[in-house]
Every structure is written in C-alpha cells, then in structure tokens.
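**Student:** Sequence:
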Amino acid sequence: MNITIFEGFSEVLLEVFFALLPLLVFFLVFQFFFLKLEKEKLFNIGKGMILSFFGLAFFLQGVHVGFFPAGEVMGEKLGELTFTWVLIPIGFVLGFVATFAEPAVRILIEQVEKVSGGYISEKIMLYTLSIGVGVSIALSMLRILVGFSLWYYIIPGYLIAVVLLFLSSNTFTSIAFDSGGVATGPMTVTFILAIAVGVASVTEGRDPLMDGFGMIALVALAPILSVLVLGVLYERKGREESESKS
Numbered sequence: 058m059n060i061t062i063f064e065g066f067s068e069v070l071l072e073v074f075f076a077l078l079p080l081l082v083f084f085l086v087f088q089f090f091f092l093k094l095e096k097e098k099l100f101n102i103g104k105g106m107i108l109s110f111f112g113l114a115f116f117l118q119g120v121h122v123g124f125f126p127a128g129e130v131m132g133e134k135l136g137e138l139t140f141t142w143v144l145i146p147i148g149f150v151l152g153f154v155a156t157f158a159e160p161a162v163r164i165l166i167e168q169v170e171k172v173s174g175g176y177i178s179e180k181i182m183l184y185t186l187s188i189g190v191g192v193s194i195a196l197s198m199l200r201i202l203v204g205f206s207l208w209y210y211i212i213p214g215y216l217i218a219v220v221l222l223f224l225s226s227n228t229f230t231s232i233a234f235d236s237g238g239v240a241t242g243p244m245t246v247t248f249i250l251a252i253a254v255g256v257a258s259v260t261e262g263r264d265p266l267m268d269g270f271g272m273i274a275l276v277a278l279a280p281i282l283s284v285l286v287l288g289v290l291y292e293r294k295g296r297e298e299s300e301s302k303s
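Residues in the sequence shown are numbered consecutively from 58, following the working numbering.
Treat the hints with care, as some may be off.
[As the list claims (entries may be wrong)] Listed below are the simulated BS3-like cross-link pairs for lysine-lysine, each with C-alpha atoms no more than 27 Å apart in a straight line: (1) LYS294 to LYS104; (2) LYS180 to LYS93; (3) LYS93 to LYS104; (4) LYS98 to LYS171.
[To be verified] Computed beta-carbon distance windows for the label pairs: (5) TYR176 to PHE89: 34 to 44 Å; (6) PHE140 to PRO213: 21 to 31 Å; (7) GLY105 to GLY65: 23 to 33 Å; (8) SER178 to TYR215: 26 to 36 Å.
I should point out that these hints are in silico values taken from the structure, not numbers from a laboratory.
Backbone N, C-alpha and C fix where the C-beta goes; we use that ideal spot for every residue, glycine too.
Given the sequences, and given the hints that come with them, work out the whole structure.
**Tutor:** Encoded structure:
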C-alpha cells in the first residue's frame, strides 16, 4: 500500500472532529434536559456518530488524494480533444451520474417520498434532479468553450424560477429550493468542479479562475428549475384528474 495516501490525514481527522463537536454537544444538551433517550438508543446513536466521523474523514482524504487530481487530469485530457463539442454531452452524463451517487440527494428523495405518502416517488425525484444537474453541467461546458458570461445563465434562470413559483404548489417550491442546496454536494463539488477547472486550464483563451468556476451556481439553480417544472406537471395532472372525476 502506498503510504502517501494518508499524507495529511491527521489534519483531516482534526478538522472533522471540530466540525462534528458542536453537533455532539448540542445533542448531549438536548439528551440531558429534554430527550432522555434509553441507553440502547444512545448506544446506536453513538455508533452512528463514530461511523460518520471516520466516514467523513476517509472521504475528505480520498477527495484530496483521488477526486481532485483525477478530475483535473480528466478535464485536461477532455479539453485537449479535437472535437471539443463532445464536452457538452459528456458534461451531461457526468452531472447525471454524479447526482445519482450524491448521498444528500438520496436522503432528500427518501424524505420527500415519506412525507408525501408516496405521492412524489423517489424515482421521479431522482431522475428530475439528475437531469437538471446534467443539463447544468452541459451548459457549464458550453460556457467554457464559448466564453460568455455566467450572467447569461444566472439572471434568466432565476427569472424563470420566479415565474414558476406562481405556477407550482407551495410543496414543490419548498422541495425545489432545498434541492438546489442538496445537489451541490461532495460528489459534484469535488469531482465535477475539478474537471471543469481542468478543461478551462487547457482551453485556449480561457482562465481557469474566471471560466472554470461558476459551475456550482448553475448546479444550485438547475434542480430548482427542474423540480418547479415537475411541480407544474403535477399541478396539471391534479387538475385533469379532478376534471375527469367531476
């Protein structure tokens, strides 16, 4: 085993410890004064916190030694392709599969299906978010290749989102804006962003700092739009069912 993969691991462990410490203290305060959970429940929660601690630590270490370098190298190789237009469909596929692997997305769609009583299924939410993020990554690659400003995406995107707010239900509005934050999770930020920076670094006339970044803003916007569109479709479906019954 190459021992260099654990280089700087002690610093990562310390960072994760101090990140989780306030949550642990907060829980203990609630346990002492309000919750008063049984010992077996506390034991299971403790095991979960330990697993979370080491899981986060190993994941962040993997990001530093694996995801970032691999993403940058892949981006550089993709940027050197003769047919650069292929970056657009590749970007869509990368965004789609990254969302499928996003842990926070899995939690969100499970909660949505549970709270909605199965009315909004996990599968529909997962495909809606994945397609939205895939389109945003494809548009990010187009922006790098063409070189136009990020404002051409952000301003029209949020204007469309405001219009969709009036056409969708309050339920889908709440889910949509939470989806924007959930989609910008560790998989997208660590891997896809590194690829975008790598592409910008080898593309003639592009600055990795100016053109490689800004992608996460689009990733946060795309699920909002896709879920609001889904809400509009659900509203239309509900009206059609009501009319057919009447």
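**Student:** Run the distance test for LYS93 versus LYS104: straight-line Cα separation, threshold 27 Å.
**Tutor:** Cα-Cα ~18 Å, so holds.
**Student:** Does the structure keep LYS98 and LYS171 at a Cα separation of 27 Å or less?
**Tutor:** 22 Å, holds
**Student:** Please test the hint of 26 to 36 Å on the beta carbon pair from SER178 and TYR215.
**Tutor:** 28 Å, holds
**Student:** Falls inside 21 to 31 Å, the C-beta gap from PHE140 to PRO213?
**Tutor:** 28 Å, holds
**Student:** Straight-line Cα separation of LYS294 and LYS104 no greater than 27 Å?
**Tutor:** Measuring from Cα to Cα gives roughly 45 Å; hence the hint is violated.
**Student:** Please test the hint of 23 to 33 Å on the beta carbon pair from GLY105 and GLY65.
**Tutor:** 26 Å, holds
**Student:** Going straight from one Cα to the other, do LYS180 and LYS93 come out at no more than 27 Å?
**Tutor:** Since the Cα atoms of LYS180 and LYS93 sit roughly 37 Å apart, the hinted pair is violated (cutoff 27 Å).
**Student:** Given a hinted range of 34 to 44 Å, is it respected by the beta-carbon distance of TYR176 and PHE89?
**Tutor:** 39 Å, holds
Figure legend: structure checked against the earlier numbered hints; hints not met, in rising order: 1 and 2.
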